[in-house]
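Dock chain B against the given chain A, drawing on the hints supplied.
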Amino acid sequence: MRFLKRITGQREFSIFVIVAAIFIIMSFTSPYFLTKTNIHTLLLALSITAILAVGMTNLLISGGIDLSVGSVVGFTGIVAALLIKKAGMPLVLAIIITLVLGALIGLFNGFMVAKVGINPFIVTLAGLSLFRGLTYIVNSGQQVAQLGDAFNSIGQAVFLDVQLPIYYALLLVIIGDVLLRKNRFLRQNYFIGGNEKASRLLGIHVDKVKIINYMLMSAIAAFAGIVMTARMGAAMVYAGTGLELRVITAVIIGGASLSGGEGSAIGAFLGSLIMVLTINILSLLNVSIYWQTFVIGGVLLLAVTLDTLNIKRREKTIIKKT
Amino acid sequence: MSNDNYIIRAKNITKYFGSIAALENVDFELKDGEILGLVGDNGAGKSTLIKILSGAELPNDGSIEVFGKPVSIKNPKDAFELGIETIYQDLALFENLDFSQNIFAGREYKSEGIGWLFGFVDSRKMQKEASQTIKNISINLPLLTQKVKQLSGGQRQAITITRALFWGQKIIIMDEPAAALGVRESKKVLDLIKETRKHVNGIIIITHNIEHIIKIADRVIVLRNGRRVGDIIFKDYGDRLDDLHNDIVKLITGAEIMNYHS
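Respectively, the protein sequence lines represent chains A and B. Sequential numbering of the first sequence, starting at 1, is according to the numbering used here. Sequential numbering of the second sequence, starting at 1, is according to the numbering used here.
Just so you know, these hints were derived from the structure itself, not from any lab. Check the hints yourself; a few may be wrong.
Under 8 Å between C-beta atoms, here's a sample of chain B residues computed to sit facing chain A [stated by the list, open to error]:
1. A92
2. A105
3. F118
4. R219
Rough simulated footprint, nothing fancy, chain A against chain B, three-plus residues with beta-carbon under 8 Å [stated by the list, open to error]:
5. 95-102
6. 119-125
7. 194-208
Note that beta-carbon positions come from the ideal geometry of N, C-alpha and C, so glycine has one too.
Isolated chain A, as found in the complex:
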C-alpha cells in the first residue's frame, strides 16, 4: 500500500496516466491510430525527441538549457554524411569524428556559459543560428544523399519488428535515469541546480560539471544527427529545425523545471511521448502542418506557465511557514 502511494505520488505516474488515456481515446477516435504503420511512425518520431530529452533534462536539472540542439542535429548530420560521401571515410571513423565534433560544440557552449558567464539562453540562441548557418555553409545548401546501406542501416534496420532508433532511445533513457539517480558525478547537477553558491562552498567543481553537461548534450545531439540522417537516407539542410522547442517542451512536461534542481530521464521520456502523441494526433485528425507548429508553441507555453505557477506556489508556502 505504501509502495503504491509512493508510485502514484510521483509526477511520472500522472504523466503515464495521461499517456494511457490518450492511447485509449485515440484508439476509438481514429482507426489508423493503432495500425502498425502509425505506431512505427510514432516510435521513430519519439526516438529522436527522447534521445535529445535525456541530455536536455540533465542540463535543466543543473539550471542550464540548450536552444542549439536542433541546429547541432542538422550540422552534425550533414558533417557525418560529408565525411562518408565526400571524404570517403570508413563508417566507424566518421561516426567517432562526428561525436567528437558534437562534444567540442558542447565545450564551446559550456565554456561561454560557465567561464565567460553568459546566460545559457543567449549563448545557445546564438548557437541555434551559428550551427544552422554552418549546416548551409558546409555543402552550399545542398543535401547529401546516397550514403550507402551500411550507414543507412543505423537508422533503418529492424530488430524484432521495431526499428533500431527506438532501441537507442530506450537504452539512453534507462542508462540516463539510473545514472542521474545513482551516479555521484551526475547527481551533482541536483545540487548545482538547487543552490549553486552552496554547491561551490561544498567544493563541487560547478564550472567543470556545467561544461561537461553541455558536452554531453551536444554529443547526444550529434548522435541524434547521425541517426536522423541514416533514417532518412540523406542529410537535409533543414533537418532538426524546431526540434529544440519540442525537446524542451517534452522535458518540462516530464517534470524538469526552468529554475533547475528537478527532473528525471524517465520523466523526460514520458514528456517526449506526450509531445509526439500530440503531433501524431493532429496529423491523424488531418490538422494542417501549420497548425502543428502553432500547437507546439501553445503546449510549451502551457507547460512553462504551469511550471512557473508551481514555483510561485512553493515560494508562497515557504513564506507562510517561516
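Just chain B, lined up with the frame of chain A:
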C-alpha cells in the same frame, strides 16, 4: 596552549578589498565550551572575518591557530577538515532535496561492489545513518523523505546543525541563524543552539539581533569599521541585562568613543 583553552585564536587579521580595509589587525579568539556572539553594524567586517575562518576568503595578513595548532585555511575543505562548519544564512541547504541528501551533499558514500564501478552512491546507507543521527540529538523532524522546501525555518536549521554534528564538526559558525523567522520559530532555533552546545566545542553566532545573543551567548566580540572595538563577558553583568544591552549597542554604533572625545 594557554590556560584559557582557546580553540580558535586569530591574531592581527587584515584583509583588503582593493584599497579598502575590511579588517585591520583584528584579534579573535574562541574559548572551549563557549557560545560567542560576533556583532557589529553592516560593513563592520563580521562576514569577512567569518569567511576567513571558513576558508571562503584568504587574509592579507595575520595568523590563525585552531586547537592550539597554527593553520592556514585556504578553502572550505580545509576548514571542514579542521572541524569548522559554517552555516550560511541562505546558502545552507538544497531545497530541492530531502534530509539525508542534504546531510551527505558533496560527501556521499560510494557504493561497494558493482555499483562502485559506475560511480554509484549508497543511498540506503546514507538514509540509515542520517536518521540515526537525528534520533541521537533529540531533534524532531517530521518525514525524513520530505524535501527541504516543505519544511519550516526551524526545521531547516535543525538539518544544518545535524549535518555539522554528523560530520563530527567541533566548531560551528552560524550566520544569522534566526533571521527572518517568526517569534515561535526563533525560540526553537535558540533552544536548538543551546542543545547543540552539548555536542561541540564552541559556537560562533553572527547576528544583528542583540536580544537573541543575550539569551544564548557567553560573550560578544564587537567589530566596527574593520576593527575590534570591544569584548564583553556576559557573566560580568549578572542580572543587569539592560546595561549589557546598552553597552553592546554603544560599542556597535561608536557612541561611547564619541563621548570620550567630546
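Going down the list of hints, with the structure as the test:
{"no.": "1", "hint": "A92", "in the structure": "holds, 7 Å"}
{"no.": "2", "hint": "A105", "in the structure": "holds, 6 Å"}
{"no.": "3", "hint": "F118", "in the structure": "holds, 6 Å"}
{"no.": "4", "hint": "R219", "in the structure": "violated, 27 Å"}
{"no.": "5", "hint": "95-102", "in the structure": "holds (count 4)"}
{"no.": "6", "hint": "119-125", "in the structure": "holds (count 4)"}
{"no.": "7", "hint": "194-208", "in the structure": "violated (count 0)"}
When the structure is compared with the earlier hints, violations turn up for hints 4, 7 and for no others.
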